[in-house]
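The listed protein sequences derive, respectively, from chains A and B.
Residue 0 is where the first sequence starts when you use numbering that gives the first Met the number 0, and the numbers rise one by one after that.
Residue 0 is where the second sequence starts when you use numbering that gives the first Met the number 0, and the numbers rise one by one after that.
Everything labelled a hint here was simulated from the structure, so no lab data went into it.
Mixed in with the good hints there might be a few duds.
To be verified - With the Cβ distance kept under 7 Å, some of the chain B side facing chain A (calculated, not the full set):
hint, residue
1, 36
2, 223
3, 226
4, 229
5, 303
6, 310
7, 311
8, 315
Ideal placement from N, C-alpha and C gives every residue a C-beta, glycine not left out.
Below, each chain spelled out in residue letters.
There are 2 protein chains.
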Amino acid sequence: MDIGTMARALRAGDRRALARAITLIESARSDHRDQAVELLSLLREDGREALRLGLSGTPGVGKSTFIESFGMMLAEEGKRIAVLAVDPSSARSGGSILGDKTRMEQLSRHPNAFIRPSPSRAHMGGIARRTREAVALCEAAGFDLVLIETVGVGQSETMVAEICDIFLLLMAPAGGDELQGVKRGIMEMADMILVNKADGDLLATATRTVADYAGALRLLRRRPQDPQDFPKAMPVSAVSKAGLEKAWEELSTLAAWRQAGGHWARRRSDQAAHWFGEEVRHGLLSVLEREPARGIMARLGAEVAAGDRTPEAAAAEMLRALGRA
Amino acid sequence: MDIGTMARALRAGDRRALARAITLIESARSDHRDQAVELLSLLREDGREALRLGLSGTPGVGKSTFIESFGMMLAEEGKRIAVLAVDPSSARSGGSILGDKTRMEQLSRHPNAFIRPSPSRAHMGGIARRTREAVALCEAAGFDLVLIETVGVGQSETMVAEICDIFLLLMAPAGGDELQGVKRGIMEMADMILVNKADGDLLATATRTVADYAGALRLLRRRPQDPQDFPKAMPVSAVSKAGLEKAWEELSTLAAWRQAGGHWARRRSDQAAHWFGEEVRHGLLSVLEREPARGIMARLGAEVAAGDRTPEAAAAEMLRALGRA
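Okay, chain A solo, but in the shape it has when bound:
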């Protein structure tokens, strides 16, 4: 399929074309990359935008069940929802064994939904760069909401925050002690904290946890992109569906406020500039991943480790070998 045809099919909402386009942007082949760049430029002209929603939470917090329930609610209301996963662990394991579609059985079969598992790539930077491009493809395909899911470990959250418009943190009901374990940096990224499992025996604990997080959020510095009362904490139950409608209302209020105040556009513009820099830096460094540079680098590195050369002298030789001294 040529790029023009792919762009047309994708704009018409053809999900097979979307899946093929995502495969294209995930390809490491340089001719594929050129085509991917061309496709993204073509689609940008449409100017279609979706709400880009980041969602993080540690394993066991009920992320898949939440996405299934939350996504089904919106899909049934006629909204088109795409779910993309950023899972740094799949880079090692080559993808989760069960797969994302099995985790969200109903949603994956809904005509208004599209689910794509995490690309399995060598490093986090690569996953994030390609996920951002997949978001752009989903927008061009006319989705109303693109949900970018990640696990609550390390730098994947920072990268998802650089992709999304609104960042949600899904938490489990917990005692006050465990609350302290949440990294301040993650709290500062959150626009809303949803405490899941607010049902049955855990309802009281969940309510208390919401109050604890609300208190913690009030201690953070006020950000210009937040209306009164944001960031906020709320209880939800992915199982009983309690709080899901309310969470969507709050999200929509926040989104509308940010759009009206120009924060939305400014954040997207900052994010685009950020990823431009990342792409350039990655491009400059990618020479080191190819032969002959890779081999020279390994040889010089071994000499440095053996103490036969200083790091500086070896680096100078490496840069000379690359013609960049």
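Based on these hints, arrange chain B on the given structure of chain A.
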């Protein structure tokens, strides 16, 4: 002064030559850089090694007083000690107003001591790279101990840990709640935690804090580079000098154990390989800091932020402009 003369003076322990050599490695001029690389290669051949001691602690914990007391104790015993500072904030302020020598008045005038403030450079990576080279110069100048001091914020600690043989964390006496605020990552880097101000009214609190940290350290995974009972927590008082001799004994025991088991050499070899990679990556990216690349990057970045181009298309053009597509 030519490089050969500088190397000879430095080897003879001439501190003016050492100070000039550090100024040379801190210079951004490319001819200076070539000379610095040559000097470091020349000096490496001597094979002189000092104990490289990293020291971190938040402002107010008494770091300067500790270095003054600890350094004076060792200097009086005839040991030659160099103190280098890695202060990311000085990159912004252009150096601290009082300066490091004023902070350590006695030590700075001692014939066995050498104190050098943090280089004021644009970014953390630059500070760390040049500090590592300054350590090598101090070793060549015959110092027994090089103490690399940093403030307990962000990535500066990770970088100091990549330079030193042993990493010390200096802490204040604190309640159990505050203890939780210490980032796990920092705890995992520490070889010893010294709780300062273990004197007067704070003695009891300090003793309790030591027990708290000792408990927290026992929860961490055992590392192969640690003998039994390490990492450990100890009380010290920079003011009353209590515990300083004991801390030095423990440090020396740890250093001897690591040397005997090969951990010392392995860590240095890993560190050298790490910094070789950092130097190469920095060298490749440094083209972006110079004209005309800088100007093109700014123009394309503005176009991306304005939404006139996709980040990918702009990055591809940037790499073509650099002849690296």
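Status of each hint after checking the structure:
1. Interface restraint check for residue 36 of chain B: the shortest CB-CB distance to chain A comes to about 5 Å, inside 7 Å, so the restraint holds.
2. Given hint, residue 223 of chain B at the interface with chain A, is violated; its Cβ is 18 Å from that chain's nearest Cβ, farther than 7 Å.
3. The beta carbon of residue 226 of chain B is not positioned within 7 Å of any beta carbon in chain A (closest approach about 24 Å), and the interface hint is therefore violated.
4. The closest approach between the C-beta of residue 229 of chain B and any C-beta of chain A is roughly 25 Å, which is over the 7 Å cut-off, so the hint fails.
5. With a cut of 7 Å, the hint placing residue 303 of chain B at the interface with chain A holds, because the nearest CB-to-CB distance is about 4 Å.
6. The criterion of a C-beta within 7 Å of any C-beta in chain A is met by residue 310 of chain B, whose closest approach is roughly 4 Å, and the hint holds.
7. Nearest Cβ of chain A to the Cβ of residue 311 of chain B: about 5 Å, under the 7 Å cut. The hint holds.
8. The beta carbon of residue 315 of chain B is positioned within 7 Å of a beta carbon in chain A (closest approach about 5 Å), and the interface hint is therefore held.
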